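Work out the full structure: start from the sequences and follow the hints.
Sequence order for the protein chains is A and B.
Every position in the first sequence, counted from 1, becomes a number in the working numbering once 141 is added.
Every position in the second sequence, counted from 1, becomes a number in the working numbering once 83 is added.
One thing to keep in mind: the hints can contain errors.
Coverage of chain A stretches by chain B, computed from C-beta distances (three or more under 8 angstroms per stretch; other residues unrestricted) [unchecked claim]:
no., segment
1, 257-271
2, 306-312
3, 328-340
4, 355-367
5, 541-547
No wet-lab data here; the hints were simulated from the structure.
Note that the structure is a prediction, hence the values are computed from the model and not measured.
Every residue, glycine too, gets a C-beta built ideally from N, C-alpha and C.
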Amino acid sequence: MDVFGQLLGGIAETLTPANLLLLAAGVLLGMVVGVMPGLGPSAGLAILLPLTFGLDPTGAIVMLAAVYYGAMYGGTITSVLINTPGESATVATTFDGYPMAKQGRAGPALVLAAVASFVAGTVGAILISLSAPAVSAVASNFGPPELFLVVMAGLLTLVVIIGQNRLLGAVSALAGFALATVGVDITTGTQRYTFGAPDLIEGIDFVPVAIGLFGVGEILWSLYNGAHKEDLGYVPISHRSRGFWPTRTDWSESRGSMARGSVLGFFVGAIPGAGATVASLMSYTVEKGISKKPQKFGHGAVPGLVGPEAANNAASAGSMVPLLTLGIPGSGATAVLLGGFLIWGLTPGPLLMEQNPDFAWGLIGSMYLGNAMLLVLNIFCVPAFASIARVPFRILGPIVIVLCVVGAFTVNGSVLEVGIMLACGVLGFFMRRFGFSPAALVIALVLGPLAEESLRQTMLISGGSFDIFIQRGASLALLGFVVLLLILAFVAPVVLRAFRQRLQARIEAREAEAAGSGDAGGDGDLQGPEGQSKGEQRQIDV
Amino acid sequence: MTTPEHHTVQAAAGGTPDAGSPNTGGPPATAGAATSPRREGVLSTRMAFLAVLLLLAVAYTVMAFGMEWRDDSGQIGPGFFPRMVGLATVAGCLVAIARTAFGAAPGPAVDADGEPETDGQAAAGTQAWATAIAVGLMVLFYLTFDPLGALLSSVLFLALMLALVNRGRHVQNAIVSVTVPVGLYLLFEVLLGAGLPPGLVLPL
Numbered sequence: 142m143d144v145f146g147q148l149l150g151g152i153a154e155t156l157t158p159a160n161l162l163l164l165a166a167g168v169l170l171g172m173v174v175g176v177m178p179g180l181g182p183s184a185g186l187a188i189l190l191p192l193t194f195g196l197d198p199t200g201a202i203v204m205l206a207a208v209y210y211g212a213m214y215g216g217t218i219t220s221v222l223i224n225t226p227g228e229s230a231t232v233a234t235t236f237d238g239y240p241m242a243k244q245g246r247a248g249p250a251l252v253l254a255a256v257a258s259f260v261a262g263t264v265g266a267i268l269i270s271l272s273a274p275a276v277s278a279v280a281s282n283f284g285p286p287e288l289f290l291v292v293m294a295g296l297l298t299l300v301v302i303i304g305q306n307r308l309l310g311a312v313s314a315l316a317g318f319a320l321a322t323v324g325v326d327i328t329t330g331t332q333r334y335t336f337g338a339p340d341l342i343e344g345i346d347f348v349p350v351a352i353g354l355f356g357v358g359e360i361l362w363s364l365y366n367g368a369h370k371e372d373l374g375y376v377p378i379s380h381r382s383r384g385f386w387p388t389r390t391d392w393s394e395s396r397g398s399m400a401r402g403s404v405l406g407f408f409v410g411a412i413p414g415a416g417a418t419v420a421s422l423m424s425y426t427v428e429k430g431i432s433k434k435p436q437k438f439g440h441g442a443v444p445g446l447v448g449p450e451a452a453n454n455a456a457s458a459g460s461m462v463p464l465l466t467l468g469i470p471g472s473g474a475t476a477v478l479l480g481g482f483l484i485w486g487l488t489p490g491p492l493l494m495e496q497n498p499d500f501a502w503g504l505i506g507s508m509y510l511g512n513a514m515l516l517v518l519n520i521f522c523v524p525a526f527a528s529i530a531r532v533p534f535r536i537l538g539p540i541v542i543v544l545c546v547v548g549a550f551t552v553n554g555s556v557l558e559v560g561i562m563l564a565c566g567v568l569g570f571f572m573r574r575f576g577f578s579p580a581a582l583v584i585a586l587v588l589g590p591l592a593e594e595s596l597r598q599t600m601l602i603s604g605g606s607f608d609i610f611i612q613r614g615a616s617l618a619l620l621g622f623v624v625l626l627l628i629l630a631f632v633a634p635v636v637l638r639a640f641r642q643r644l645q646a647r648i649e650a651r652e653a654e655a656a657g658s659g660d661a662g663g664d665g666d667l668q669g670p671e672g673q674s675k676g677e678q679r680q681i682d683v
Numbered sequence: 084m085t086t087p088e089h090h091t092v093q094a095a096a097g098g099t100p101d102a103g104s105p106n107t108g109g110p111p112a113t114a115g116a117a118t119s120p121r122r123e124g125v126l127s128t129r130m131a132f133l134a135v136l137l138l139l140a141v142a143y144t145v146m147a148f149g150m151e152w153r154d155d156s157g158q159i160g161p162g163f164f165p166r167m168v169g170l171a172t173v174a175g176c177l178v179a180i181a182r183t184a185f186g187a188a189p190g191p192a193v194d195a196d197g198e199p200e201t202d203g204q205a206a207a208g209t210q211a212w213a214t215a216i217a218v219g220l221m222v223l224f225y226l227t228f229d230p231l232g233a234l235l236s237s238v239l240f241l242a243l244m245l246a247l248v249n250r251g252r253h254v255q256n257a258i259v260s261v262t263v264p265v266g267l268y269l270l271f272e273v274l275l276g277a278g279l280p281p282g283l284v285l286p287l
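Dropping the structure here:
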């Protein structure tokens, strides 16, 4: 098949010493960032993006993609060892990962999580290889009306899935569009919202905004919640510990969960806005729902760890599909990746696979190699990374702020952009405080110029009439999808509530059956593991 | 065994969350929370934030109406997109203010990806002063970044921030305040040639 020929070519493209080194560096740096509580792939990518400016485009993107995967796994380490998720996608990992660690099985937990991540990432890369060319083929016929609707649909999907913050998510996206209008209007040469500042003539660069919102904003939010006052209980781990490796029973219990989590995670991740968090929580609920021993969940059940871990990594791969084929980022992290592509003159979208096949397949090929590298590094370097998790926030937080300031300056050598970055940090804090969406703002900031330009071109083609959106078949279909999304915004909560009730009833029925048959076990509901740090109850919404 | 309809993250023991549950339905009611002083505080600061956002949106929209939305040949002008965005933002802010004023529960905090915070931290809110001081130190950092240079301003910022959040550990703070900026300087300036501001003090 031509697809596999191109894939092999992409892998060969990545198999150069320089790219392998960048892959390793990206994975390591990503894990370092991911291990810091609160800083996930979004913050890691935003903060580390300036480090790649001296590289060639392929090397830079390979490294950034590796940072993405590495940061996802870094969050797993803190979830298992200190019951503190590195970011929201690894919350589900705490349910059974931390109880395993408390039972003296931190080693098996982390090894299983690493293998699950590898399997899921590989499955995800295979699915991308199969789906990306197909989606690209459809999307290559898109014109300006379709591109405009795709941007709107992508943002709407993100906002709808945010849930009860839909209004605030929409306002966040509009704020991003507003920021995107700052600068010189390319078509007419008119300055908009520059207030005479030369630094604003080229517009507001998304990198300082992303660093501020995701990096500094997160640090301020953690500070506000007293992270600097916490002394986290730490479960030690070493290769020399007895029982570091999983048992045969562990492997047999995890096979099905890995497979299910991988496929579920990929397709959920491909939906803009759904993301790794939704994928991992859905996987946990599914695994518990189909388990013959649901009462073990929350007390160190291997499927409860492996399923969500596979799902969140497969979701990372899935989110690359709309990014590469449509140019639509579905999360903050992929928005930063998109920004990186644009910086190096690459335009993700329907024509990427036609016009830059070497780059596209090289990136997909690097995902395979990155997964393999992640597995090796995860298993053999986990104790080293775990030691980073012991560095308290009160030391790491200020260091991250300094790193953000220096990183923001290096983008364009502009002190004004450092100010914009810090202002966005404060904005990011308030956005978190009041339920707005930093991701929607960044995505809209990155897509704003494309949205305006495609709307302009559409109006040019149609002579100023909006009828063009219903005259073209593809745009009519996309318009229908947008309308469906708007309807879904009101219907989805009802449907989801009914789904949750039905699933919960099924879980209870199984638990009652298991209790009636005399299986040992305690409270097996979805309240999560016992012994939460500081008496917290963890109940997660699905 | 409890059977929650949905699963909400709750704060550390002793606190009811001041944020609603991160579900996709309507905001759940937390018994008694609507009248608690902390909830009222959250609502008032939320209103203030929304009011500032509304003012900015109005200013943005007024400026948008000052630009041409259509040029002489009938094509979309520079003011078209900003007008649409501005009007929609003003409308969104007004609705959010109305919802807040008439008692809708504030949404949960969200993380960087716009996904609900699920680590139980949303309700603490007791470190407002530390956060405000940290913001002040960041402003100082920004103002001294060019005149003092990247290295010195970083040392100063770290020393003050660590004195704020890592109290009592003077030796540790001193070591970190010096080694980290030097390390970052070597990485960005020497290795990557980033061109960091040298400042007027050190002979860099």
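Hint by hint, here is what the structure shows:
no. : hint    : verdict
1   : 257-271 : violated (count 0)
2   : 306-312 : holds (count 6)
3   : 328-340 : holds (count 5)
4   : 355-367 : holds (count 11)
5   : 541-547 : holds (count 5)
The structure shown violates just one earlier hint, number 1.
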